[in-house]
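Protein chains: 2
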Amino acid sequence: MKPLGPIPTGFTAIEGELAIAGRKASDLVAQAGGTPLFVYARELLSQRVADLRAAMPERLAIHYAVKANPYQPLLQHMAGLVDGFDIASGGELAMVQAAGIDPARVSFAGPGKRDAELQAAITAGVTLNLESEGEAARALDIASRLGVTPRLAIRVNPDFDLKGSGMKMGGGAKPFGIDAARVPALARQLIAAGAQWRGFHIFAGSQALSADAIIETQGHTLALAARLAEQSGAALPKCNLGGGFGIPYFPGDEPVNIAAIGAALADRFAQLPAVLEQTAFCVELGRYLVGESGVYLTRIVDRKESHGEIYLITDGGLHHQLAASGNFGTVVRRNYPSAIATRYDAVAEEEASIVGCLCTPLDRLADKGGFPRADVGDLVAIFCAGAYGASASPAMFLGQGPAHEILI
Amino acid sequence: MKPLGPIPTGFTAIEGELAIAGRKASDLVAQAGGTPLFVYARELLSQRVADLRAAMPERLAIHYAVKANPYQPLLQHMAGLVDGFDIASGGELAMVQAAGIDPARVSFAGPGKRDAELQAAITAGVTLNLESEGEAARALDIASRLGVTPRLAIRVNPDFDLKGSGMKMGGGAKPFGIDAARVPALARQLIAAGAQWRGFHIFAGSQALSADAIIETQGHTLALAARLAEQSGAALPKCNLGGGFGIPYFPGDEPVNIAAIGAALADRFAQLPAVLEQTAFCVELGRYLVGESGVYLTRIVDRKESHGEIYLITDGGLHHQLAASGNFGTVVRRNYPSAIATRYDAVAEEEASIVGCLCTPLDRLADKGGFPRADVGDLVAIFCAGAYGASASPAMFLGQGPAHEILI
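Protein sequence lines correspond, in order, to chains D and W. Under numbering that gives the first Met the number 0, the first residue of the first sequence is numbered 0, with each subsequent residue one higher. Under numbering that gives the first Met the number 0, the first residue of the second sequence is numbered 0, with each subsequent residue one higher.
No lab work stands behind these hints: they were computed from the structure. One should not assume that every hint holds.
Claimed, not checked - Covered stretches of chain D, as calculated for chain W (at least 3 residues, CB under 8 angstroms):
no.: 1; segment: 124–135
no.: 2; segment: 308–314
no.: 3; segment: 326–336
The beta-carbon is built from N, C-alpha and C at its ideal position, and this holds for glycine as well.
Using the sequences plus the hints, can you model the full thing?
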């Protein structure tokens, strides 16, 4: 039997069934109109942001990275919780605008911004995190043509990475940002060109569970920001410290210790160098804010045995949960937290694999896990489905189409 | 410098630029309305099917597996070329119906067929490749309720796999099909229940380049079909021999020797046992028929250097070409065949990585390949984009949306 990842806190059982924000899984499926279904819980989102705020120094603003989950009702809920939003495309700009979010709270990072996206962002008053000198030149040209003062920041490719992170975004050659050594010259040039100077975006990695690693990286980030600001010859108005806070997906994973990170950051904020004294700091988090608030519910349509192994075949699959199937950015497949939602408080009594309905061996949601005996009609829950689920999966694969989504 | 995969035959240069079916890449982009763009060439599709027919015994029918590429105009073109279609969902059933394809030419395999999908397929007269005894019971119930004689075949989980295949679909415990040992009893039951008996579907693996391995597997498949037909006590009307024919994607890959496969199959067809003498045989191919006919074109929006490495940043990426980025069913990332389309006949003069516009290190289309010097505005071509491209990628990731597609 292979272990399953740890189920996040905040879920209970009602009449033997998984309950999300006090509502039974089967009731939520009925309300949404069927399976497969992503359920996102407002109370878990709100609690997560509240806990984070309590742990972090007041001076630290909290931004939401829209790419983690752009579901419109969720975005609207987040608008009341966080201080800013980070977008990665013109498509995401349209989404935050549709959610009524003030573009002055929005910044835009991404290595391949098209002219049309730069124009839309500059027109709206979004801060651009510039990824290259070439992009800076295009942005200044477009702003000048529009007769608008652009809000410009520089995304720095730091000389260090975030140790133990699932995705390294710094340390050596990278397509993201501008190598640190070239940043001061560009900053001076942007300021001289009359842009509204918005400072630095320094993102070293994501999905780390070690507070020590995050604390160390934040230390490097503050030191780099101070050095680059000095060399730029201007006080730093803003500094995005990046993200990096991970969530536990796999057996043995432990939640990141945010109290330790907050305490270390408070210490550092208390002894900032002069060039950073007036700087507004933020972190940019996606997965950490929304990942554990979501559950993917899918129904068992067949139960079969093959050479002594049991397969629970569902109406969902990797077309909605690519990462849970182990096919997105992972080398070794491990099981996400999962359960039989309609037998949530029953004990495990057999080894079974939960697979999707796609005709490919890649489509496996849980491999040889221990579950209560489940049958056709039962609901399966895959947890940690609030981030990089629906929008990060090939919904149209094998003619399937998107899942239902609800925010409760 | 890392090697690039082999560019398929059939492409030329016109005025220094990649030409697809005699049309310059830049003209195709203009016609389609922009990049990113998937181009599929009718003449390459037709040639591929003609070459395959010439190599295979006349008795072998050729089926197209819609999952490889369900683009509607391509499906319509394939309708005039192949003998049958294999679908994997109710969504794909709707697609073949929209293309005006006779449902009598269609069979439906897939481990998680919902009742509504079974009903639609039975009503339309599609052959169901049954994946379990439970699914068989549901299909018989639904047909009886509808007052329709269902066309039923059994998908067999073979006791062998296809050696060297990219995807193993047989050999040991699998979610697909019914273990061979249980097949005869179910076949007798279906025939006794009055279903129109359509025989066996035996799919052992896909994406193999070794003719020897395919020949060996086809031998096992015919032997298994004969044995199961004998044990079922009925002549076998039809036998789907599966697929398995791969295409070269990576450095060192060689095209599969279809002449050898055809000759071996002709030998075997000449000495079939009595129980298979009247059997209609087919192969079910997706990637092999359409993969090399397609090219993904994307435009360079930035050229940058980081720590001495050159990045060509495009307006496309893994949201359209997940497999080419190395993030779908592969353990070790290798480069697909790729080129600077607008400098197609120029010599390689620098090492560069071609990346997508997504803000993630996973989004890499070509890693440290040798290319002519390219700049903003140049078009990049990723080959072997005709199968498992557009529909097998997370188009909505980071708010990007789908690529353009054209059939020329």
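Tested hints:
1. 124–135: holds (count 5)
2. 308–314: holds (count 5)
3. 326–336: holds (count 4)
The earlier numbered hints are all upheld by this structure, with none contradicted.
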